[in-house]
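Here are the chains, one letter per residue:
2 protein chains.
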Amino acid sequence: MKNRFSWKVCTALSALMVFGSPLYVANADTKPRTHYLAANSENVRWGNIGKGDPVLTVNSGDIVTVEAITHHSGDDYERMIEGDAGVEDIFHWDHVEKNEALRGPGVHIMTGPIAVEGAEPGDVLEVKILDMKLRPNGNEKYAGKTFGVNAAANWGYLYGDMAEEPKKREVVTIYEMNSDGVTDYATALYSFKWTPQTDPDGKVHPTIDYPGVIVDHDTVEENFNVLKGVKVPVRLHFGTMGVAPKEADVVDSVPPSYFGGNVDDWRVTEGATMYYPVSVPGALLQVGDPHAGQGDAEINGTAIETSVTGDIQVILHKKADLDKKLNNLSYPLLENENEWVVHGFSYANYLAELGENAQKDIYNNSSIDKAMKDAAHKTKDFLMKGMDLTEDEAYSLMSVSTDFGITQVVDGNWGVHAVITKGQFGEAEQKTVGLRNAFDSFGAKVVWNTPKQTVTISYNGNTLAMTIGQTTATYNGEKIKLTAPVRLAGGKAVISDYSASFYQSVLSKTN
Amino acid sequence: MKNRFSWKVCTALSALMVFGSPLYVANADTKPRTHYLAANSENVRWGNIGKGDPVLTVNSGDIVTVEAITHHSGDDYERMIEGDAGVEDIFHWDHVEKNEALRGPGVHIMTGPIAVEGAEPGDVLEVKILDMKLRPNGNEKYAGKTFGVNAAANWGYLYGDMAEEPKKREVVTIYEMNSDGVTDYATALYSFKWTPQTDPDGKVHPTIDYPGVIVDHDTVEENFNVLKGVKVPVRLHFGTMGVAPKEADVVDSVPPSYFGGNVDDWRVTEGATMYYPVSVPGALLQVGDPHAGQGDAEINGTAIETSVTGDIQVILHKKADLDKKLNNLSYPLLENENEWVVHGFSYANYLAELGENAQKDIYNNSSIDKAMKDAAHKTKDFLMKGMDLTEDEAYSLMSVSTDFGITQVVDGNWGVHAVITKGQFGEAEQKTVGLRNAFDSFGAKVVWNTPKQTVTISYNGNTLAMTIGQTTATYNGEKIKLTAPVRLAGGKAVISDYSASFYQSVLSKTN
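Chains as they are written, first to last, in this note's numbering: chain F, 1 to 511; chain V, 1 to 511.
In case anyone wonders, no lab produced these hints; they're calculated from the structure. Among the clues, some could well be false.
Since the list gives no way to pick out one identical chain from another, each pair is judged satisfied if it fits inside one copy or across any two copies.
Claimed, not checked - DSS-like cross-link-like pairs, simulated, lysine-lysine; straight-line CA separation at most 27 angstroms:
(1) 228 - 324
(2) 145 - 422
(3) 246 - 325
(4) 319 - 246
(5) 324 - 167
(6) 385 - 167
(7) 319 - 385
(8) 481 - 422
(9) 385 - 128
(10) 141 - 128
(11) 360 - 373
(12) 319 - 141
(13) 422 - 128
(14) 231 - 145
Using the sequences plus the hints, can you model the full thing?
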């Protein structure tokens, strides 16, 4: 994994940068901006995704570079905290001082909340993930590298149900991110079995029962003979992203629900767009729990938990003007180049459904069967409402072409997702647009090199260079993977409307 | 979908054809053969996948062209039965005569059983799916076309749980297969709501409660305004394939289990290999329930049910010589170019686990949660045994890179599958082999055209022409999609060992 982005440079730039752009003008008085939200003890909350004072307020259309830090960094202080001022600040805890004194009821370090000007209950917040980059560790000893943690934890699906003794064990595996130039992958570096850890307040943690405890490596046995030769494909994504729910003030960051949160779908990655129903004024977007690799189910309790810096664009859709797909949206909906992904949960809105003790009871009542039922009904509704199908048409399509997968079985409110491909709806869902028109329309400069079959698009100080038929391109001189290649149709270069809109957003970032 | 294969011609050739081949010699006295197993009332059973007299006996390494017919053909007699002698023969039922008198306890028309010489309990039967082609309908009125049926049936997941009245309704949608030259797709032609149907014996079927009932189209209302503009991606696969279980003589074809059967995983397609644990002498392989499109979950009860002719190669692995991945195999295991897929069920072996009334009780006891637990344990076992991982290594990999999906929730014994990518294990699972060596080794002729970057491989009267870097190729002059493209590595053309073995099998078929 190339760590082409220097987070240190960006931290220095974290004051708001204001530049004009013709895009996403929420009203005549505001212009889109690019913001930088650094991760430090001022800008994060730990374990709570409820309402709270925003650390940043943005307008619809604004882009935010947001640093997101993994709460598992304490599993290897040397490789994941030391020398990184922001992470040190967040994790700082000694017998005198604890910077993030409030940790809970959940576990995730959430950057935000980000308030969106004018957002009100009933609106929908669109979040485009324009870019995600691994955060290099800050320790010169491991310069340029990024590490991640997978913890087979006590909340894992097979905890206590293992074949070998002790059946109830927690095992932490430290992964290291690499690239062979073509594929990014993670390799296991070493593992250790969790031993009781004593925190600075003298409390002993026999299991992984509190976030941010720094593991004393004198107490654990590091096993470097682990997963030799295995290269886990990197799937960078935000495990937890969403808006604040209205039902409670302090909200556990672990169970996902209608507001998003800890959805733990690896599809929430660069190139994807999330839609969240807004239920509190300002929406209060929060971003955290970055993952470098996860399978559907996240079965042992965690992914490869790491730290990531992302560029996101935030677009507010007002209730009165909602597209048919977003009207009455009651769950986190994902869109990417080729798919719509509907997210179901054991409880669609567990905070409302389970009553006063919802935040405790959710951990004892989930099942995949319940999540499947929820996903099935949501998918049928989406197809009827969003694709103008009758109930019978929708149900047939759900059977013959919709894939239902198990998102996670470890987050209290278990998840099932449904993947609906856009291609089957043709132009209705994947409209082909002329490349030149698409980029000309907002003032980008489009330059063709016909013999080389390349096109260079310049806008706002950014340059995107693409070649017909290729999925790799360069953006500001760095290699990127496109959501889809530029194609030729009728002698004309075309892309999908999703791609056109996505790269317009990417180019609109002010550096 | 090009229907490049004339089933009528092949039916005429259905006598066994015997040609030599150096491959898969089970013992010195037998040579691999290519067999043709036509679908007719002699060669199929209806609804029962238990032990029975084989209609064909083959040696390990033999290739069988097998015709498989959908049991839903009666939903549109004109388009799916009329004029097709084999299908007419199977479905023939009037007040005098019923060719397939025994239909049940399940619903599928199964071609076979095919006995494998020397197969004994404890062995593993490998079935490579070399080719699958749609079966054109036999009615000149619809010449060259293939139709399929999706039935939102009474065993569907949302039956009785629909929003519109009547909540308990069965809707049949007739699909037609098409191709735009690049992609094969299915379009809905018309749909109708099931009405009570009277069979030739005078019995009324208020719901889809018995297979092979011919729908009287004077009693239903055909709605041709259905799913307009929607092109469902074609995923040709065998819904039901497997060996006979040992636990009972007559076995319902609907619930899948350790022996395979109605697994309903769309990955059981051309280019894939299935492994089944043998539990009765001769293995007794059966093939049926072809599908043209299905999503994970098969939520409304059926896929796009159609008829297909497939080429399969059958390879017997004796108990004493089993590879570590196949040793003590207790479930249907799938392999393809890039993946291993483990299949879990609510009950790993429902016939043994549920006792005397298993075949009834299975319909009231399934859940996705149970299937997930089974899939989780099987996946951990597979990774430990097949990939030489420790339990902790396996569990970590299951969380960071294994995708768990819902295979089906409509077949009595519900399914969850786990997809394990081979790429992460590198050469251990995707060995790269020199193309020339791979095909030279069994006597194929390999001819290069260096300027054009093409290679032509001839063997046994067959010709495979590939171009470096391309996934499309031609086989005996017809366009096919390769499991993976030929690549250049160190100036040498290479393919994966899976590809090499697969196309060796493909070329070994005697036409």
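- request: Would you pick out the hints that fail for this structure and give their numbers low to high?
  value: 10 and 12
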